[in-house]
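Construct the entire structure; sequences and hints are all you get.
Residue numbering for the sequence shown follows my numbering, starting at 594 and increasing by one per position.
If you're looking for bench data, these hints aren't it; they were derived computationally from the structure.
It cannot be assumed that every hint is accurate.
[Claimed, not checked] Mimicking DMTMM-like on lysine to aspartate or glutamate, the simulated pairs with C-alpha atoms at most 25 Å apart in a straight line are:
id: 1; residue 1: K633; residue 2: E595
id: 2; residue 1: K626; residue 2: E698
id: 3; residue 1: K626; residue 2: E730
id: 4; residue 1: K687; residue 2: E595
id: 5; residue 1: K687; residue 2: E698
id: 6; residue 1: K626; residue 2: E682
id: 7; residue 1: K728; residue 2: E595
id: 8; residue 1: K704; residue 2: E682
id: 9; residue 1: K633; residue 2: E730
id: 10; residue 1: K687; residue 2: E697
id: 11; residue 1: K709; residue 2: E697
id: 12; residue 1: K709; residue 2: E698
id: 13; residue 1: K728; residue 2: E682
id: 14; residue 1: K709; residue 2: E682
Bear in mind that the values here come from a model prediction, so they are computed numbers and not experimental data.
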Amino acid sequence: MEVTQMLATHSLLINTFLGFLVGGFIVPFITAKNPLGFRKASFIYTMTFQAIITMIAFAGIVAVFTGDLGWSITTIIMMGLWAIMMYIEIQKHKAIKVANLQNEETFRVLKSAFLKISALQILLIVVMMGLMLLKAEGTISI
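Structure, rendered in structure tokens:
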């Protein structure tokens, strides 16, 4: 029962995270005229991103250990994906934090990078979800 609950929580958090990532696309648009607002909104976005993705990882690890599921290749891929996404998000935040946002060109480049990184993160999550769905259906065996 506990494993089922943890896997359901893990799945719910992933869906919430995907919605959060899609919603994050509005950050550069609502702060289009306010560079300092962009920095603040980006900080809030990054902290929320890290909180949700860490909850996802924790729920997954708890499910692995309570269910004695073992470290399958997909679990290892998920942990690697978590590390990659955290690294990308931290680097994005550092770039926005130290940049001179009063320079219009820098501000434009960072907004564009924010959108591209968000799209990449969504793609990574969707690909992993697809991989897990194919594994659950028995289409692939990893």
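To see whether the hints hold, each was checked on the structure:
Taking the CA atoms of K633 and E595, the gap is near 39 Å; set against the 25 Å cutoff, the hint is violated. Proximity of K626 to E698 is assessed by CA-CA distance (about 13 Å); at most 25 Å being required, the pair is judged to hold. Note on K626 and E730: the hinted pairing is violated, with a Cα-Cα distance of about 47 Å set against a maximum of 25 Å. Taking the CA atoms of K687 and E595, the gap is near 39 Å; set against the 25 Å cutoff, the hint is violated.
Straight-line distance between C-alpha atoms of K687 and E698 comes to about 18 Å, which keeps the hinted pair within the 25 Å bound. A hinted pair counts as satisfied when its Cα atoms are at most 25 Å apart, and K626 with E682 qualifies at roughly 23 Å. The straight-line distance between the Cα atoms of K728 and E595 is roughly 22 Å, inside the 25 Å bound, and the hint therefore holds. Pair hint K704 plus E682 holds up; C-alpha atoms about 14 Å apart against a cutoff of 25 Å.
As the CA atoms of K633 and E730 are separated by approximately 43 Å, the hinted pair breaks the 25 Å bound. The suggested pairing of K687 with E697 holds, with an alpha-carbon distance near 18 Å, which does not exceed 25 Å. The hinted pair formed by K709 and E697 meets the criterion: a straight-line CA distance of about 18 Å does not exceed 25 Å. A hinted pair counts as satisfied when its Cα atoms are at most 25 Å apart, and K709 with E698 qualifies at roughly 17 Å.
Our distance criterion of 25 Å between C-alpha atoms is broken by K728 and E682, whose separation comes to about 28 Å. Between the alpha carbons of K709 and E682 the distance comes to roughly 12 Å, so the proposed pair stays at or under 25 Å and holds.
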